[in-house]
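Based on the sequences and whatever the hints tell you, model everything.
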Amino acid sequence: MAGKSGREISAVPEGGLKSKILSWEGALVLILIAVNIFGVIVSPVYNATNVLREMPKYLAEAFMVFGMGYILVLGDIDISVGSIVCLCSTVACFAGNAGAPFPVVMIACIGTGLLCGLLNGFIATRFTELPTMIITLGTQIIFRGIAEVSLGSGGSISMSDTTGLKALATKIGPFPLSFFLIIIGAVIFITILNKTTFGRKMYACGSNQTAAKYAGIEVQKMRLTAFAFMGVQAGICAIFLLSTLFGANTTTGNGFEMEVIAMCVFGGIATTGGKGNLLGGFIAAFIIFCIRIVLGQKNVNTQLVLVIIGLMLILSVVIPAISQAFKKKPKV
Amino acid sequence: MKKKVISLVLSAVMAAGMMAGCGQAQQAAPAADAAAPAADSTEAAAPAADTGSAGGGKTIALVTKSAGNAFMELLANGVKEAVEAAGGTLIVKDPSAATADAQITEISSLISQGVDAIIVSANDENALSAVLNEAKDAGIKVLTADSDVAAADRAVFVNQADVNLIGQTLLDAAYDLAGGSGQYAILSATSQATNQNAWIDAMKAAQEADPKYAELELVEVAYGDDEPQKSTDQTQALLQNYPDLKVIVAPTTVGIAAAAKVLQDQGSSVKLTGLGLPSEMQEYMGTDDAHSCPYMYLWNMIELGNLTGSTAMALANGDITGAAGEKFTAGDLGDYEIVDVNGATQVVLGPPFQFTPENVKEWADKGM
Amino acid sequence: MKKKSFLAKLTGSREVSLLLVLIVLLIVITILSPTFLAPANIAQIFRNNALTFVMALGMLCVMLTAGIDISITSTLAFAGMTIGLLQKYNVIHNTFLLFVIGTLIGVGCGFINGLIIAKAKVAPIICTMGFMYIWRGMAYVISNNNWASGADVAGFSDFGKDGSPGPYVILIVVYVLFFIIMKWTRFGRRIYAVGSNAEAARVSGINVDRTVISVYTIMGLLAGLAGVLSVSIYASAQPNMQYGKEMDVIAACVIGGVSMNGGRGSVTGTFLGALIIAIIAKALPLVGIDAIAQNLVKGIIILAVVILNVVTQRMMDRQNLLRREM
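Same order as they appear, the protein sequences are chains A, B and C. Going by our numbering, the residue at position 38 of the first sequence is 49; the numbering climbs one at a time, nothing skipped. Going by our numbering, the residue at position 316 of the second sequence is 385; the numbering climbs one at a time, nothing skipped. Going by our numbering, the residue at position 309 of the third sequence is 335; the numbering climbs one at a time, nothing skipped.
In short, the hints are calculated from the structure, not lab data. It is possible that part of the hints are untrue.
[Stated by the list, open to error] Calculated pairs, BS3-like style, for lysine-lysine (alpha carbon to alpha carbon, straight line, at most 25 Å):
no.	chain 1	residue 1	chain 2	residue 2
1	A	K68	B	K205
2	C	K145	A	K338
3	A	K232	A	K206
4	C	K187	C	K114
5	C	K147	A	K338
6	C	K114	B	K435
7	B	K205	B	K149
8	A	K309	B	K205
9	A	K338	A	K286
10	B	K315	C	K187
So, in structure tokens, the structure goes:
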């Protein structure tokens, strides 16, 4: 099973604590700890209270890591998620302002996500010749376009009744509600992918679609499911984002798709499909959040922060490749 | 099974790591508690992120619309001047993108740092509400400049110029350049830009209010999204769709420069006016046929910055609370009074300033 | 082996189905806006979208090797911002030199992309995503919140001025050059070979790594060139320039029949794809679609054209199959 991990730093055979620490996920945990220690050293205000206070906006985004992980494992990609988030929050605001009770608002929000995901999945499975990147590029413009048209001039809407949203933003102890949901989500989704037949089928589809098809796996059904999952999670992201924004506008969720993909890749999930572990993506998300929070508190130029994240992304894929090359050399 | 155990262990380690990383700082938390108490033990370890407690000076933060915006840079320079003259320090935060999302991240970080006042030029009227109220609850004074939010979410708005006055001024310019009658069009930024829409609405309202403008016809409001390429496309489309067009009014700095270039390159007889930066526009300004823009308007961005900085300092020092009728002195700019406009308190810098071919170079050299 | 009849060749070609789409599009637009096909307007279509046209060629090469480059507009911004600032601070005002510098910056950016993708075997989308953040961030950092505009780039902007032949000359030169390279040179055939089957190409003695590196370097070169052109055409350098437009370039290629799986695509197809994107951008404000709805319409057209492409292709394949059976 260790072979699932996108990047192995060491070729030590599976089993044993040593291999776990040397796996990519192990390295990520060490990086996360290092980032936190770094944070405490350089920023006097980097403490639990502040980190957890700044976290909710980021946590909303983390919900999408699971869906994107599934899609990447299948060898697909979805760059429309930022726009889905925008459309979902817009619909939720309209529903809320029309007097719908909060549970209905939530259903409307997540349901919109599901519909968007299904549409993506439908086109992807109907026209298999088309790469999902180009399909979701089209729907990316369309979903945000629908939000733009429904928001009209002004392009912004706020939720008039925020009691439900405030309830979502409540804290249990020092932790925001979304923190627990993320942990629960992580356990569920990681287990599904690693432990169930469904998960194994996903890896099979991602590694070799034709082979999977002949092995009797309904590849297209799996892909449709993954896109639908992704849509639902974008809806969940939207509702939690709403709990920090209390409103939606045409730029909501702008650029989320790349950030979420970056988290997955940094976590060791290969965009070529069939490789990687969701756990890595999950930890990587927290690493990126913590780095952003630390650098934000140090007032580092926000564009420089993006440069740093870009460098991390590249190093995270280059270093394993180099170490692999070094390991191979003596054999030659 | 082993994998699951490991996952759980890793999750636990991660959570523990976060707590450990932060836990130790828990007792230092009061330092971050907004209103910035006197220096404590953590201060020595952290010279950089002085949370406003250094030497009694106030720490003011400015959240601009986005990074890489020369317009905002002028404002920031002005604010810095005023804040430092009053003995405070200024933190400038340029969000990575011109969105409310990105501004929330920055404001959230500023709350952690426990600054004394936050100045925001809002990218969205509504979406900052929650985080600004969180800042207020933490004892931070909140004010807006250049682009406002809902009145309840901030203490006061530093307004560059009265909205109706800008609308009236732009309409009069169009009236003048069109020679009293004919078609004119507006080239705006995005259809969502709050202040753009307010100015355009003010123009329309002014036009309806006075029969003098009956001969003037607004044919279209086009949106160039503040992108040179799209603004160019839109300007060309205006020229093509309305052969009788006489004037284009562009109340946005990127749009007016793009439109000016299109008109000038094509040798069009259509005249241009609006709101623009002198440094961007000096190439295109002139009253002859070879230039597209005879005159345009803007306010003094540096002075707007100065006034904003002084207002922020006055709020942070407790000299004013943001209520209508309060008066304060803004450095060299003189005395200002907070006024109430439709239930929203604001400080108004003054009427928009006219730039002509004669004075544009002088202002451009000043860096505006 | 019988030679394919001219008609069969024609209906079997991907470019023809594309041309049909283009004609339908043009008819609809001309009905809505009769002046659309005026010569001045057509010239503007090419000038305003010169960047998309230029970069689409690089993307064609990259996609032929089954790669993708989403860092191009960041490279464009970095190169454009650099030459903008060089003029703003009065370092260099020579148009030719500025073109060389901008293009060289692009070459450098592209070369690094290629090196990492070829040597470290990193997935192209990941590598270029990293550099998308890096070069864009660098453009912001060097700009230090300043713009180079109007007066700063006076003289230089005459090259791309409306009415100046500059952008058209560059467009014609690069398209003719690429048409020749891709069709008749060994290098062009190598790119196709690597994209169709990298392993087979390796076995037959092609240096795959070197081909991949050159492809990304070419992409960088064209992105750098587009950066210089952008500053020249719009007389403005801002760090956020052309943000998100890489998707337009990719869409242009895909619409033009370039396969994202490598090995399939042509310069003619790319040109037609870029032309469709350019026409959409130009036509939307002209045909009187409400400004707010323009993005939505653009998205629907792109998706519709892409799907239509697939459908017509399927029909043609079926017809060709039938013909063979007879």
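Hints, one by one, checked against the model:
{"no.": "1", "hint": "A:K68 with B:K205", "verdict": "holds, 19 Å"}
{"no.": "2", "hint": "C:K145 with A:K338", "verdict": "holds, 15 Å"}
{"no.": "3", "hint": "A:K232 with A:K206", "verdict": "holds, 19 Å"}
{"no.": "4", "hint": "C:K187 with C:K114", "verdict": "holds, 19 Å"}
{"no.": "5", "hint": "C:K147 with A:K338", "verdict": "holds, 15 Å"}
{"no.": "6", "hint": "C:K114 with B:K435", "verdict": "holds, 15 Å"}
{"no.": "7", "hint": "B:K205 with B:K149", "verdict": "holds, 22 Å"}
{"no.": "8", "hint": "A:K309 with B:K205", "verdict": "holds, 22 Å"}
{"no.": "9", "hint": "A:K338 with A:K286", "verdict": "holds, 21 Å"}
{"no.": "10", "hint": "B:K315 with C:K187", "verdict": "holds, 23 Å"}
Violated hints for the displayed structure: none, as all numbered hints are satisfied.
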